[in-house]
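S.K.: If you're matching them up, the sequences are chains E and Z in order. Residue numbers for the first sequence follow our numbering, beginning at 1 and rising by one. Residue numbers for the second sequence follow our numbering, beginning at 1001 and rising by one.
Hints are computed from structural coordinates only; laboratory data are not their basis. C-beta atoms are modelled at their ideal positions from N, C-alpha and C, and glycine is treated no differently. One thing to keep in mind: the hints can contain errors.
Claimed, not checked - One-sided excerpt, in silico: chain E residues whose CB lies under 7 Å from chain Z:
(1) Leu48
(2) Met74
(3) Ser138
(4) Lys142
(5) Pro147
(6) Ile217
Claimed, not checked - Incomplete in silico selection of chain Z near chain E, CB under 7 Å:
(7) Val1040
(8) Pro1049
(9) Ala1101
(10) Arg1106
(11) Glu1111
(12) Leu1112
(13) Gly1115
(14) Ile1119
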Amino acid sequence: MSHARPEPDVPSTVDGRVPRPRPSAREDEEGGPARVGRGPATDRHRPLRIVTGIVFGLGCLIGFGMFVNGFLGMVLVFPGETALSFVLLTVVGVVGFAVLRRIRPVRAPTMAVSILALLWGMTGALGLALTANGHLLSIWNKVAGLPFGGEWGAALTAPLNEELLKVVGIVLIAVLLPKAIRSPIDGFIVGALVGLGFQLVEDLTYSLNMIVMRGGIDGVVAIVQSFFLRVVLTGLGSHWAMTAVAGAAVGLVAAASWRPEGRRTAQATLLLLLAIVLHWLFDAPLLGSVSGILFKGLLIFLTAVTVYLVARHTYRSRVRRALAEAGDELGMRRSSAMALAGRRARVKELRATPVPERPAARNRQRQMVAFAEERAVEYHPPPRPEPVLGE
Amino acid sequence: MVEASEGLRHARPRGPRSGWVPLGVSTAVVVVLLGGWALVNTVLPSGTPVAAGQSMTIASAEGHEAKLTFGRGWEIFPGDSSAGDNYRLGHGSTQLRLNVALPERRASDIELWEGMRNIVRVGDPSASLTDPQPVTTASGAEGLTGVMHSNRNTGTATLFPSPNKGFVIEATATGAGQGEAERLLQTLRFDRVGGGA
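Make a model of the complete structure from these sequences and hints.
M.R.: Structural data, given as structure tokens:
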């Protein structure tokens, strides 16, 4: 049963007026209104977007260069094993990409946003983290000694460097395409895609390292073993889940136009710290047995699912409320309007529509959903009454 | 009146923050994580002297541990080493790299040598190994050794499987004075540890 009930007495904007959808710079492929992630390119923000695009592109290029510098030798020496690992991970990547896009409530993020997120994870975050990790691991070994570095180095290095570098990509996407991340659920999905990209390339590097660790023989066995460990055993509770949690933090801050009030700042900080702590737990030399590793992965997965459910519930409630209001204005039945928040309900409605009228019905659905999402992200709780002096 | 205006001005809700702020913060994070760690790493000394006569366990697995006993003049580079996995050691201009491999099965010494041929090419595509010769350490550990050629330098490659072949110590030495490296490898010994096969 859904708990997403409309609240008819509370208008969904501060002033109670129905906001008009922002003019979209680009219509979607089928002529509908702009989807999540496509925003107006105002001249005022053009320099910011250009500089952000350059920073994003440079980050990806430099990161990719660092990855190539570190792993080209292995790829050239073990081309068959690399190809096998690539194919296995591509299958995982395609499935993960589709699932993570699909779980965004109401509508999937645009393909452009999704690919940018994946790209940052695969190149910028991964490559930059390889270098930053190398330096920090070296520092731990030098300062605290090899035994300490071997035991705790990874846990004190990767969570800090990797989580922050992945979050940087989410922030850059939010600045580059402001409509892409306007709520915690947007940040969650974009973060999950960044984490997925990171995880896929990191899995490739682990599989190649595994060949060297096995003495350079039986490479195919090493690849399959690495795939089992990194995907089957721990894949559900890995980078995609941690970065999704951190991404929800970015969503919270971006939704407040980068100026969050105290409570929201605290929530975002806690979410980011939670992602870092979960990563620390995963890398720490604690609970090292198979069941311990499974427990850690499950804990990370369940944490991400909890954050997802809360963010999804909040967002769907707002969209359904906005749809109800829009339905009222159009004279639609409230339940029919609210049902448009669900993909299946939209398809069901289209199927029940006579074929000649379907294009128009589809267009109307898109406009209403886009309108509702615009209104949902502009929702603010009604202002509290000013305290009366002297009371 | 003026005070009231000031009060109202301060009470006015702040508008949205410019996107330049998150962009600046993001760029700063990247610069600190890369440049900051690199700077600290560079400032810290890279090599640590190893006392003459000191023994060091370099690997432990499947009931055996491998130990080296150092002579005079050796240093270890912790920044380029990882406990139980790989080590970079130096003696004057001699560089000795040790890698601990954990083969999935009990491979023959020749199979391990073929695997090492691949591994040396990862770091230097021009590197190649000659056919190996048997070698025995002072403690009786048996392994294989050969010459490593590459466009950059010439050195020696050596491997010593543990007695039950649970792990392998692979060493490559480059630079002048490789006799020191050979002497150090001669001190390698495998000791049994409790509970292992």
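S.K.: Looking back at the hints listed earlier, which ones does the structure fail to meet?
M.R.: 8, 10
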